[in-house]
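Given these sequences and hints, build the entire structure.
Those protein sequence lines, which keep their order, are chains G and E. So in our numbering, spot 157 of the first sequence is number 163, and the numbers just go up one at a time. So in our numbering, spot 57 of the second sequence is number 63, and the numbers just go up one at a time.
Take these hints with a grain of salt, some might be off.
Each computed BS3-like pair below joins lysine-lysine, with the alpha-carbon atoms no more than 25 Å apart [to be verified]:
{"no.": "1", "chain 1": "G", "residue 1": "141", "chain 2": "E", "residue 2": "403"}
{"no.": "2", "chain 1": "G", "residue 1": "295", "chain 2": "E", "residue 2": "64"}
{"no.": "3", "chain 1": "G", "residue 1": "64", "chain 2": "E", "residue 2": "37"}
{"no.": "4", "chain 1": "E", "residue 1": "403", "chain 2": "E", "residue 2": "372"}
{"no.": "5", "chain 1": "E", "residue 1": "64", "chain 2": "G", "residue 2": "37"}
{"no.": "6", "chain 1": "G", "residue 1": "59", "chain 2": "E", "residue 2": "64"}
Treat the hints as calculated values from the structure; they're not laboratory data.
2 protein chains.
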Amino acid sequence: MNISVRGRRVPASPIRKLVPLAIDAERRGIKVYHLNIGQPDIETPPLFWEAIKSYGAKVLAYGNSQGDLDYIDSLIRYYRRYGIDFEPEDIVVTVGGSEAIVFSMLATSDPGDEFIIFEPFYTNYNGYAVMAGVKLVPITTSPENGYHLPAPEVIEEKITERTRGIFICTPNNPTGTVLTREEMEMIADIAERNELFVISDEVYREFVYEGNYTSVMHLPQVRDRAILLDSVSKRFSACGARIGNIASKNGEVMRSVLKFAQARLCPPSVEQYAAKNVFDNISDEYYRKMRDEYRRRRDVAIEELEKIPGAFCRKPSGAFYIMATLPVDDIEDFARWMLTDFSYNQTTTMIAPGPGFYATETLGKKEARIAYVLREEEIRSAMRTLAIGIERYNEGKR
Amino acid sequence: MNISVRGRRVPASPIRKLVPLAIDAERRGIKVYHLNIGQPDIETPPLFWEAIKSYGAKVLAYGNSQGDLDYIDSLIRYYRRYGIDFEPEDIVVTVGGSEAIVFSMLATSDPGDEFIIFEPFYTNYNGYAVMAGVKLVPITTSPENGYHLPAPEVIEEKITERTRGIFICTPNNPTGTVLTREEMEMIADIAERNELFVISDEVYREFVYEGNYTSVMHLPQVRDRAILLDSVSKRFSACGARIGNIASKNGEVMRSVLKFAQARLCPPSVEQYAAKNVFDNISDEYYRKMRDEYRRRRDVAIEELEKIPGAFCRKPSGAFYIMATLPVDDIEDFARWMLTDFSYNQTTTMIAPGPGFYATETLGKKEARIAYVLREEEIRSAMRTLAIGIERYNEGKR
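Okay, structure coming up:
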């Protein structure tokens, strides 16, 4: 008796699969710097916790499948500040940004269909593609041109009769690249010419350090083809809240999403109430301070990375990740070794190996995603520990 | 540009699709008795709310994909009281029982595969079957024999080379039937003979009024074939918490489930903490009182139903639903009419139309699921309003 093919094929998360090794290391008394996961150490706003504590219901009842309507109103006001106009029926609240991804796939594709995606990309798209039975067709972007998009003909070459849409992520996880208005227009034109959906993951909207962010919803030519994926996880440092949303002006898409949403009943009620309190009352100052903090962290991470002989990266202009090329032959082996065989002053550094962020099998073997989600001095120590680790690892190989 | 076939095919929830009509009725000042949805009015235990208020973290961080290990320990202790032995690796915490359903399908089947299911069944299985691209092969059970299972040959007749498993639900939603030990053994034998998984939804474990509940985990012959689906929603009257779990002694299944779980990152953190506090500290008295309360509600609902000329139902021995045959020609039309055209003393009663609980298209047209989740006197009023509604509706048809 076998499990399913998809059950075997679904990849373990490259961000999470080394966690048992990290737990073992911690049990041995080693402090592990977690640069592997986009888990900010920034405190969740008190507005969130105050709402959690004052949640007044006596019965924790099922909520609306679409999401609480009051919360959706708050989201509408939030988007308006970015020049994006939604009506209540354009939005479905999801269980994290994760569920928004799978809903977008289910509503727009059938098994065997294809989506174009630019690699490296957020690794969990791989898991959802297996669940949805669809193929991710990768187009490789490279650090040499800052992970920006290739010419339109390179993209259109990959379009087949099974292609249903193009996935983009801006600001990007894992590259930190913010797509320019011109790039967004190019994607919109391709989508229009080829009748495709554009599915845009914009959860890092608030994390732009240089340049301007353009939303897929700013592009009138794809008004009916655009699907926005979003989440409060990073914005409010509330990853464990599991509150995201999907939004589109395409009524047919949203009616279909709502039916999928009905099957899973509702997103968590208490956290919607708490997230609403943050959206309604948070100051611009909060976002500005958070942005400044991450900009400094980025600069420290880059500064330390540049000291590692043979390491290479492009300075990212958004999100809180660096896709770095490291001077090791096999990053998977190195990442494990850092947890199982290495320590420096009773510390080690955990990174997310690059291959999990690529669909093309041969790529990413020298790359790692580094999440600069710790305080400046911790980032500095983590990067120095990483540098020493690389040196020792390569010595051992000689 | 079209949405997907599955996006069109996924059914709207029969429990939820009439909600907009109910909201309209309420706006017109009509009190709607919600017998359509399994949303208990029982208060969520103070232990739950106390934990929510005392959750001490400053950062609402990602949790483990498998679920918080402390919470899993509590679950293990809980199952032990029912004579079920799990190890930590046998359990993955899910976002409600809903996610447990889809994980069980994804881990054991591929698109085009089949599961046997006894109808009427919990309607949301239909939605998940569309998501997973699998076919639910229904075997009809009927009120005449208390919705108990047919002879093994009737079941084995439906097994094809694409059959991957048998779904059961005990105590059953929507019929309230508790499967006997003999029925469970029969299913286990069929599964063993035909190399199938047995996927058992036992979220109503605490709601047994007569007879004894047997878990799929009590059957040694399917130790490696059994998958348990569970949820705290009904047990703790915490439907909005979105905390469930899937469990199996089959390591391959659970490793695959864990990879699917990694793709969606983690279940909500705060609610796991709160549910743990309830599991660890709730008294047997709580469960006994809850059971007594629902038994009385059931008896009142049945008493009132029996007064309706032409209505028919079997007294269910578990869960908190009655699948009732009502003297109307078209239950869908009747259920709508109750919300749009009827009121009695400014009240009306909302029911879940039967056809949504069947996979066979012609069935359920005179049936409704009645959830007896309100206080005795409210149930009584709701059922009387229903009786008057039936009378008026049929008068109007003459």
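Results for each hint:
no. : hint          : in the structure
1   : G:141 x E:403 : 53 Å, violated
2   : G:295 x E:64  : 18 Å, holds
3   : G:64 x E:37   : 20 Å, holds
4   : E:403 x E:372 : 15 Å, holds
5   : E:64 x G:37   : 20 Å, holds
6   : G:59 x E:64   : 13 Å, holds
Against the hints set out earlier in the document, a violation occurs for number 1 only.
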